[in-house]
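Take a look at the letters that make up each chain.
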Amino acid sequence: MGGNPITDGGASGATPPTPQSASSAEPVVIFEDVSIGFEQKPVLENISFQVRPGEMRILLGPAGVGKSVLLKLTNGLLRPDSGRIFVFGKEISAMREQDLFEIRGAIGTVFQEGALFDSLTVRDNVGYRLLEEHIPDDEITARATEALRFVELEGTLDKFPSELSGGMRRRVAIARAIVTNPKLILYDSPTGGLDPITSTTIIELVMKQRDVSHTSSIVVTHRLQDAFVLAMHCFDLANNQMVPLPPHQTDPNTSFLMLHQGRLVFDGTTKELVNSQDPFIHEYIS
Amino acid sequence: MALDTIDAAARRGVLAVQEYALLSGRAVSNIFRKPFYRSDVFMQADIIGVGSLPIVILTGFFLGGVLALQSAATLTQFGAAAFTGQLVSFSMIKEIGPVVTALMVSGRNASGMASELGSMIVTEQIDAMRALGTDPLKKLVMPRIVATVVMLFFLVILSDAVGILGGGFVSVSMLGQDGSQYFHTSYQSLEFPDILQGLVKPVFFGFIIATIGCFYGMRTRGGTQGVGRSTTQAVVWSSILIIITDFMISRFLIAIFGR
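Residue numbers (numbering that gives the first Met the number 0), protein chains in the order written: chain A, 0 to 285; chain B, 0 to 258.
Keep in mind that the hints were calculated from the coordinates and are not lab data.
Treat each hint with caution, since some may be false.
As the list claims (entries may be wrong) - Distance condition first, Cα-Cα at most 27 angstroms in a straight line; then the derived DSS-like pairs of lysine-lysine:
1. K138(B) to K158(A)
2. K270(A) to K138(B)
3. K182(A) to K33(B)
4. K89(A) to K138(B)
5. K138(B) to K182(A)
6. K138(B) to K33(B)
7. K89(A) to K182(A)
Claimed, not checked - Output of the computed footprint for chain B on chain A, the stretches with three or more beta carbons under 8 angstroms from beta carbons of chain B:
8. 65-76
9. 117-128
10. 240-251
Here the structure is a predicted model, which is why all the values come from computation and not from measurement.
Glycine included, each C-beta is placed from N, C-alpha and C at the ideal position.
All chains, full assembly: derive it from the sequences and hints.
The structure is reproduced here in structure tokens:
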């Protein structure tokens, strides 16, 4: 799992970002005592947490613990067996599937393998929501190009997903998620299966979205390295790259959740995580 | 243990029927709700209808031909070879045209739908579509149902016509019958209930092909192996249901019209 970057001294160099969310602001996501199981086996039990506006929650946990299930509960792709889920103040766990489509329009989702539509070009993939809203073709092309420029792939407009590398597909998936400026983005293992250099590029984009657009997000990952890079760096728009925060400082808008055996065993800041005395957390991050 | 297995299998069966009914019901109700994916309906109509033309024409023609060959051999024994045209048109329009065309389209399109939607399920494209605010039942299933029902209706009419032509070709060129007599008996013996039976069946068969193909596609689990399994099940079950439904419609319409 690597060393502990915060207790080891951290990095140096950038102006610390300020917290985006006022503590009084209504949370974007609220989980209240949520449980779900499949084929009579419990997967998540009594999960409760919140995501405030502009906040990034990094969800850690071993493989198969239910991280992706939690994301699918957040955008209503799965329904909880018990408990309540609120997104943008609406209880999505009590809504009909037809009514959920509107709410999902304000949520961007980056799936584990990208989940691009393989029969559509990159332009149509990125502009899918806009196509569904019957926005004029020129505007779709312009907005898709703008989103692709954000992920530095504006030259791939007419390519098909099969013509792109794994990392490029993941970046197109990010472009698709941000094209409509959603208020919440769900990243499901955005760096899973990618080489370290490509992973860094993806993490930089996730950070850019956090620090430039201040979008609330939940980032699922089992790569601790990615999680700490997000917590200890900020995006410098002037130089278009991420820079380390001053020593012992962490991003105030980034905090952690950790799942273990279907339960939420940690909900707190980066410093609380690294100083946790819980044996499982200690072993996980050491 | 055996009872537990039977119990579990029965539960799975009932659950599958319930899921099938829900999927079909929601997909049909989507026809009347906006947005109506007109371009998707046309695209599917092209794939299902125009794409199936070669197999439907070929099978229809040769089925008509073989019907003429077989029936003429029997009818000649009773000195009734002149009724070959009537027998071919009856068989083609009431039974063989709708059933064989539906089975051919099922083999080609129910499998295609199951594998296409199944692949989308295992690569999370369906989840992505839902996450992007689009109802896959409206965008993917509804156009396939509408296109299959409409196109199968016309494909069956075409198959009937080509089958009668095939029978005529064989009767005239190989059996030495009079062409005028063949087509005259083919046409004159037909009555409204015969035509109705031939036109009602493809509507039901088209619905079965599309809903079963989409149902198995949408419930695919287990990667590429699961896609293969869904494809096979879609063809098997749509074929079985087509033949059972054919019997039920025939029985029902014969009871009403007496023929």
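Holds or violated: K182(A) to K33(B), with C-alpha atoms at most 27 angstroms apart: holds, 26 angstroms
Coverage claim, chain B over the segment 65-76 of chain A, checked by counting residues with Cβ within 8 angstroms (three needed): holds (count 3)
Hint consistency between K89(A) and K138(B) [alpha-carbon to alpha-carbon, up to 27 angstroms]: Satisfied, since the Cα-Cα distance of roughly 26 angstroms is no more than 27 angstroms.
Chain B covers the segment 240-251 of chain A, three or more CB atoms within 8 angstroms, holds or violated: violated (count 0)
K270(A) paired with K138(B) [C-alpha distance capped at 27 angstroms]: Violated. K270(A) to K138(B) sits at ~47 angstroms, over the 27 angstroms cutoff.
Straight-line alpha-carbon gap K89(A) to K182(A), limit 27 angstroms: holds, 14 angstroms
Restraint status (C-alpha distance of K138(B) to K158(A) at most 27 angstroms): holds, 23 angstroms
Claimed coverage, the segment 117-128 of chain A by chain B - three or more beta carbons nearer than 8 angstroms: Result for this restraint: holds, n = 3.
27 angstroms Cα cutoff - pair K138(B), K33(B): holds, 11 angstroms
Pair hint outcome, K138(B) versus K182(A) [Cα-Cα no greater than 27 angstroms]: holds, 25 angstroms
Checked against the numbered hints given earlier, this structure breaks hints 2, 10; the rest are met.
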